[in-house]
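Here is how the chains run, residue by residue.
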Amino acid sequence: MQVAKLKKHHKAKIISIKQVSLTQYFMKFVPLDDFSSKPGQFVSILCGGLTLRRPFSIASFDGNEIGVLFKLKGKGTEFLSNLRVGDEIDFVGAVGNGFKIENKRSLLIGAGVGVAPVFYLKTELEKMQIPSLLISGFQTEKEIPEGIECDKICTDDGTAGLHGSVINYIRNMIEEFKPEKIYACGPKIVLQNTAEIAQRYKIPCEVAMEKEMACSIGVCRGCVIKIKDKNGEKTASVCQDGPVFNGEAVLW
Amino acid sequence: MVEIQDLKTSVDLGRGFVIKNPIMTASGTFGYCFEYARFYDIKKLGAIVTKAITLEPRAGNSGRRIFETCGGMINRIGLENVGVERFMAEKLPLLNKGGMDFVINIAGSSLEEYVSLAKICENHKIRATELNVSCPNVKSGCLEFGTDEKTLYGLVSQVRDEFSGCLIVKLTPNVTSVEKIAESAQKAGADAVSAINTLKGTGIKLTWAKNRFIKETVSGGLSGRAVKPVALGVVSRISQVLDIPIIGIGGIYDLADAFEFLSAGASAVQVGTANFTHPECAGCIADDLHDFMYENGIRSIEDLKEKLKGE
Ligand SMILES: Cc1cc2nc3c(=O)[nH]c(=O)nc-3n(C[C@H](O)[C@H](O)[C@H](O)COP(=O)(O)O)c2cc1C
Ligand code: FES
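Residue numbers (this note's numbering), protein chains in the order written: chain A, 1 to 252; chain B, 253 to 563.
In short, the hints are calculated from the structure, not lab data.
Beta carbons are placed, not taken as given, at the ideal position from N, Cα and C, and that holds for glycine.
Certain hints may be false.
[What the hints assert, rightly or not] With a straight-line Cα cutoff of 20 angstroms, these simulated SDA-like cross-link-like pairs (lysine to any residue) come out:
no.: 1; chain 1: A; residue 1: Lys-234; chain 2: B; residue 2: Leu-307
no.: 2; chain 1: A; residue 1: Lys-234; chain 2: B; residue 2: Gly-335
no.: 3; chain 1: A; residue 1: Lys-188; chain 2: B; residue 2: Gly-315
no.: 4; chain 1: B; residue 1: Lys-432; chain 2: B; residue 2: Lys-457
[Unchecked claim] Facing chain B, from chain A, some residues (calculated, C-beta under 8 angstroms):
no.: 5; residue: Lys-8
no.: 6; residue: Leu-52
no.: 7; residue: Met-213
no.: 8; residue: Ala-214
Please put together the full structure from these sequences, using the hints given.
Right under this line is the structure:
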């Protein structure tokens, strides 16, 4: 029987929850039992009486405290935003494959809340002394989450940092920073552009995808995307086969 | 108090398919076999039902497949599965080795497909199959077989001829008279029926952005807490006309929910969507059932069902 070694279902205590931008919150919690994770993996949090757990990329983990960044989007995130320090939460995780860290100059691209997993990745790369550059894009200055340090910022409306979508700056960053590997997370349009540009420069690229989920452990096939296969194409679950995919494997 | 060795939680679903307790997991919500074993000892379950298997592999529907609703969810997975050949080669050996009771859920788009699947199950000595004639999420077949009593009679009779194990027919609530459909399944030789599969429904999400509405529509099958009253209604009605065991399904999250189904006339239950919300849910219900019977001196599921009729 295939029984995973590490327990995947946890209770945790919230140790801080803070509004960090106009619509985003950063929540930190400490699991009550053993937990480990790597960048690109996510946790699936139970939101009160709602049927579906909500998946959130891990934004930080220091061996004890897990951090997630979330944007107010609907009932689930609204429920979470009303939680307080000391409240208990219930989550499944860490789930998903995570980024494949390599000893290569790394360009990290984040957009919106998609900055969370690449921010976590940056912390780990720094620990391993792998050179990296994190550029992220937001709609406007008020949407830039406090406490998430990026090397470069762009805003769609030019209210902070570089003016325009992060997509417009990928080529510049590649020319300037000369990365040997690219990682990205954000809306599909950003990931698709990143993957295509990376391919043109022949730089390996990993993208962390998002999709509505039900089980978050590869059972229901609710979160699948299409990827390339030797026989053409096949479906892959974002929750288990992903959320991280090779940019060139994804059929956009 | 009953002595623990005298406690009999088993249920006979027909043709010697006796499951050790009435708590099962529903098709499509529990994977092929051991996916949930990372959360708890799934051997405490009465039986698991595999996700639907079709003759050929299926890629399922494209586009958004999941939509949360108030008290439930809509899915339009579209029977994505590896196909019967790969299933029998890769998953069946694991299930057989796992030592727990399981039911193979089969779905087809033609009578011939169901019959072929039944033959394959027979050849692999499968002890129980659940005939899925109630999936609302595929373009052709499946649901059509479960909405017309004559068509269903023909289908179940032919499958019955090929399959000697326990044959369960899974009913859809998307019909005018579920009693007639259930009766024709029984007449055609079904050993048990399970009810319900998902209800047809549509979710619409509108977002106002840049002076226009972005519209997302997801039409599929509704499941979860929201469907429990419908499921209880179906189970109550068919229990008036059937002699064979009924397996209740729909919005079961805890022992109290399971009791309501037994009270309505079910002999066993399947836990579906609740597995997504609370991964250990079905196992907890099995534990709670055992504890309840033990603490209250109830010796068997028959006794329990009798008591559950209420005063
Ligand atoms: C994601 C999902 C996939 C399902 N797939 C199947 C399936 O393959 N075959 C089937 O007979 N029923 C399938 N069902 C229906 C369930 O087995 C069950 O009948 C229904 O969800 C009602 O129970 P619940 O409210 O406890 O979920 C599926 C349900 C869901 C939510
Ligand atoms: S959410 Fe169920 S397979 Fe990914």
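Status of each hint after checking the structure:
{"no.": "1", "hint": "Lys-234(A) with Leu-307(B)", "in the structure": "18 angstroms, holds"}
{"no.": "2", "hint": "Lys-234(A) with Gly-335(B)", "in the structure": "14 angstroms, holds"}
{"no.": "3", "hint": "Lys-188(A) with Gly-315(B)", "in the structure": "14 angstroms, holds"}
{"no.": "4", "hint": "Lys-432(B) with Lys-457(B)", "in the structure": "37 angstroms, violated"}
{"no.": "5", "hint": "Lys-8", "in the structure": "6 angstroms, holds"}
{"no.": "6", "hint": "Leu-52", "in the structure": "5 angstroms, holds"}
{"no.": "7", "hint": "Met-213", "in the structure": "7 angstroms, holds"}
{"no.": "8", "hint": "Ala-214", "in the structure": "5 angstroms, holds"}
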